[in-house]
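Protein sequence lines, in the order shown, are assigned to chains A and B.
All residue numbers for the first sequence refer to this note's numbering, where the first residue is 558 and numbers rise by one.
All residue numbers for the second sequence refer to this note's numbering, where the first residue is 24 and numbers rise by one.
Honestly, the hints are just simulated from the structure, not real lab data.
Any given hint could turn out to be false.
Stated by the list, open to error - Facing chain A, according to a computed beta carbon distance under 8 Å, are these residues of chain B, among others:
1) W67
2) S106
3) L266
To be verified - Chain A regions said to be covered by chain B (calculated; three or more residues, Cβ under 8 Å):
4) 859-872
5) 1205-1218
6) 1249-1260
Glycine is no exception: its CB is placed at the ideal position from the N, C-alpha and C atoms.
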Amino acid sequence: MLRKFFRIAVFLSILAAWNQAASAQVIVVRGLIFDRSDGQPLLGANVVLRDLKREWAQLLGAATDKDGFYQISQIPAGTYAVRISFVGYAAYTDTLSLGQAPFVTISVELEPVAQQLDEVVIAGEGGAARIRAGLQTVRPADLRRIPTPDASGDLATYLQTLPGVVSIGDRGGQLFIRGGTPSQNLVLLDGVLIYQPMHILGFFSAFPEDLVSFVDVYAGGYGARYSGRISSVIDVTTRDGNRQFFEGSGSISPFLTSFRIEGPLRKGRVSMLASVRRSMIEGLSPTLYGRSLPFQFGDLFIKVQRTDGISSKCSVSFMSTYDRGRIEAEGEHSDDVFQWNNVVVGARCLVFPTNAPYLFEITTGLSYVDSDVGNENRPERTSDALQFGVDMHLKRLIGSAQLNFGSFVRMTWLGLQLREQFLNIAPQEDLLFSTGAYAETELSPSEHLTITPGLALVLHPEYYPISIEPRLRAVWKPGGKDGADEISGAIGLYKQTLVGVTDERDAGSAFVAWMTAPVKTTQSEAVHGLISWQRPVGRRIRFATEAYYKRMTDLPIPTWSSVASFTTTLALASGESYGLDGRLEVFGENIYGYVGYGYSETLYFASEDNFGLWYGESVQEFHPPHDRRHQLNVVFSLELGRFRASARWQYGSGLPFTQPYGFDEIISLRDFADVRRSPGTTRLLYDKPYQARLPAYHRLDLSVERVFDVGEGSIAFQVGAINVYDRANLFYFDLFTIRRVDQLPFLPTLSIKYDSNR
Amino acid sequence: MIWTPIKYRRLFTVLLTAAPLYLFASCDTSIEPFKEADLYFSIWGYLDAGADSQFVRVSPLRRSISLGDQDIDATVMLEDVESGTKTILRDSVFVFGQKTVHNYWSDVLLEHEKIYRLSVANSAGDVSDAVVTLPKVFPDPDVTLQGGTGVPPEDTPLVIKISGVDRIAGIKIVYQLGTPSEGSPTEYYEASYLDRVVVWPDVLAVVMIPYDEFFRNTFSESCPFVSDAWVVVASAGPDWPDLLNIDDETLARPDVVTNINNGVGFLGGVSSKAIHMPELADLLAGLQNLCRRCAAGEKIVACIF
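In isolation and in its complexed conformation, chain B is listed as follows:
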């Protein structure tokens, strides 16, 4: 092929056309995936007039999936709105497997039917806060382990009768697993039964069937030894949402269940009572052997449910 001036000119034209394309390569390709907003902290938990200490989960609204081991830049303050009394909550670090979280706590005693403001501020002056009203006092719930032999498959219902509350925040059983020993943390397992509430005249009752709930569902195949148990009942303040009628997906949305200003999450006001139930622990300890036989594949009557 002979290169004539016309062909050189054509080649030059082509190169001239192509040159700007290379400039595009240096164009800005960066992306800002996160949106700036006046949302500073995530606050979860509840202030409890029945507890001797308060624990609240605080986390900055962060841009990585894990917080890691780093400290967080937060000052958490609890204020009695009426009296103006202020208490600084202290940081404590809890580790769950790979996850590290910060729970701020204080042993300040809170009073029923009072209004508190919890604020979380960073060193830049950004503040997230929530105002919480605590519920009134309610009578001790009546908790009984009724009838039956306690041996599966016969039912042995646990009945909890609650009265004098406007709204229930939670009903759960806390199990202490294994025998506590010095130097190793005590393990607990919690099971919630809020969805079992049946309304009776003047009382709210929870009926449970230990065989189904404890033996099969709760323990599954691990069959741990239950050394102690408590039934915990909490009444809720006026701000507490009707959680049973909201599905998980809706609950996860930032706008549906929140009372945090300039932040996300929910801080509730409750009054809890814990009823010690050693007889429930005894019952479950007795079932441990049966549970192990079922887990091993034996076809005994206790396993068929």
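The following block holds chain A by itself, in its conformation from the complex:
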């Protein structure tokens, strides 16, 4: 296996050497583009070179990436007019004489123009209906449109409006994306893994609008850069702190208080951003709402960022989150307290050397999560995971092709204590070392077509065979670069060695037992295939649709048990998930509308082991509890003067559940028990797993905001309500007390937010 790995490594080295040789003949212009007012990098700014002596020559150009970086290569020597522009900013123009130096750096800060940014254009750059082979880029403006019971938007609430994203209820903080489970989602905070970032109350995550620069959400089909998870990628890039002046904000609502401060530590060069949030709902809910909402959560984020303004930027970030609460406020397991904490420390540097054609990015980070459930002082199950890793990425252009390659080293420690469930998992500690590399190149054989083949390799020195994961992404624009239609697709193989096992019988279970592949040391595996089509209809409407298929194998799941309190064993299952999304966005001058519909079907079936015999038949397949067949989201946002109103309506068809026949008492005949002396063990007799469906779910959330100027800053008052028409959405049914537990009822909210920067 090692020999095979080294052969591939040699191949990659040769590829890199060829890449180096091929680069010798060209002039490269690259740089970083920032917002002058606060030093934020600008994503999507256009850099265009026009040959002043050969007017007929084709324009050369590039757009900046999430770091504000651009690169134009294969530029013939000559004199050029350079124009750097971005909507809402004054364009930068200059004349450039290229000839001697092979690498020229032009880094610029663009000045925002006085008028307010055009919401239509900004939204057009992101938006739910701009989807490319599973990838959607989410911006703060997207988050802001979705009502939450707080003054700021949040990624958790936004993600739930996307077709194919399923949450079991409004608590537990678990998101299932296109048939995958939460532990199969790779969530990155500035390139560093964060294990469980969704807060216990489903509206909130560790990523509020104020911290997010943008988020790449891959619902599947992601490229070779990402490895280690088999369902999806949520790659969060946080904002840099303001490099020019200090600013901050503070908000309060019945659910949450938050405070943010940012500013220059060294003006124009070094900035900091700090945010702290703390939940209020547990203390206030009995008084305000007359009911117990026993949830505590919060997070702390600090980021220090430095840039030379020309060719490098580095940042160090720290995040800590905590969640604690009772998923069941009453009932048999009401003493069960779920709690989890994340700690992430990361550093990331981006640099392009003045004498080399590379963009070099290095990320190093430490991620820790501890999670437990049970009695508060004596948890029944505990799981800890600690990962330290270093990732290196290099990017360069060779003609019209872009080559990305990189490598990583990761060390993961896992600790697990289970006292009740998962019988075949002994308390364990595990140390797993892994290393890997990837390469992908973006080829444009024609103006219409871009193909990105890639390969990811992951090596685990022990236990597992080398993972060779080919990936392919492609974008076809039938009308050329400026054409309206875009058809894209992706296919790839994905493997996951660290698996998170949850007991799917628990309602909204937030406990994840992290472990190395627990059965037969077999890695979970998925094959993704998807195809999407998007097109704008006029200036104000955009439509997108995507079909997908996922085939999953070797998923560890609990075998079904007749007695919920009994220990259970794990079996390997296979699964498939397929579906079709449709998204329509409307951008008006003051209006935004979005309709998203998703159809999906997820099916698990036994690969080798049966889930169990049931009334003489093999249980070979079932729809897991997150298999939501239909999902509809409608978002509407309206701005009238200084008022902004937002509404979100969600509909989800019923989730599967297991119907019981009834209760009785088992007498232990093995002990030859006498019925006169044995009370028996109470048993709940179940039907085959997940044969029935819960009622459909739907809910309307509203908010209205009015902003007032106060000195240099502003105060926003927001009134709103969740579950406006007080729909009784079932969360779970407690069979032991014959009592239904519903999700949150109608709850009015009021939040106030002060922002020092108008």
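Please build the complex by placing chain B on the supplied structure of chain A, with the hints as guidance.
The following block gives chain B in isolation, referenced to the frame of chain A:
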């Protein structure tokens, strides 16, 4: 802000759009958690050709965790399949802490190697039933308390030799705890040793070590006074499942170990013999003082095992 007709029209449109949403609130949100099925009663226990009375646990398959104090709508009938003789079993209520159960009983004597049908019917005519074959007669087991001083840590094995059976349904020791007194119920403790069966030529033997089993495990820290003891051995009929090779979780499933038609549970056929063992009670009574010293934390030799 000036309200123009266009704005009024917009507001009307918004309201018109929102109105249907309110209608959703009244949509049916009910759930039927239980599945309807032709499963009426849960029946557990065994018919015993060696006993002078029969007790069978009967419960409707209910939709709440506890039956409560209520009577159950059940008529329990035992029928000799060959002769057609029928006997109605009477209800008796047993209370275990918070749990109330119904055991139906009769003092009818059953015969070895005969087939019986037990049926449970409710007033609506729903019937659950089971057909049970009782085993043949087997010789009295040879039970001896062998060797040793009877004082821990020296072993004093109890050996039970059983022969002439096709399958053993159970081997257990029933202890009478405390001194029986009038007016208060006698307490019993049962310990099963089916998993200790060792097959010898022509006999099945059970070997036990009293120190480990009785002194430490059975009595734990409560150290009760044992006033009497019986060794109970039961042979099983042909329908009796091999319970030792089925784990608890599998046993709990409704389809694995059941012979109840239109119901759940298991009704076995056995023939039991109870061998009175006063000498075992004497031995354990003698150990009570040692047990108390160990429970109090003394580090005597008897406690180290």
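List of violated hint numbers, smallest to largest: 2 and 4
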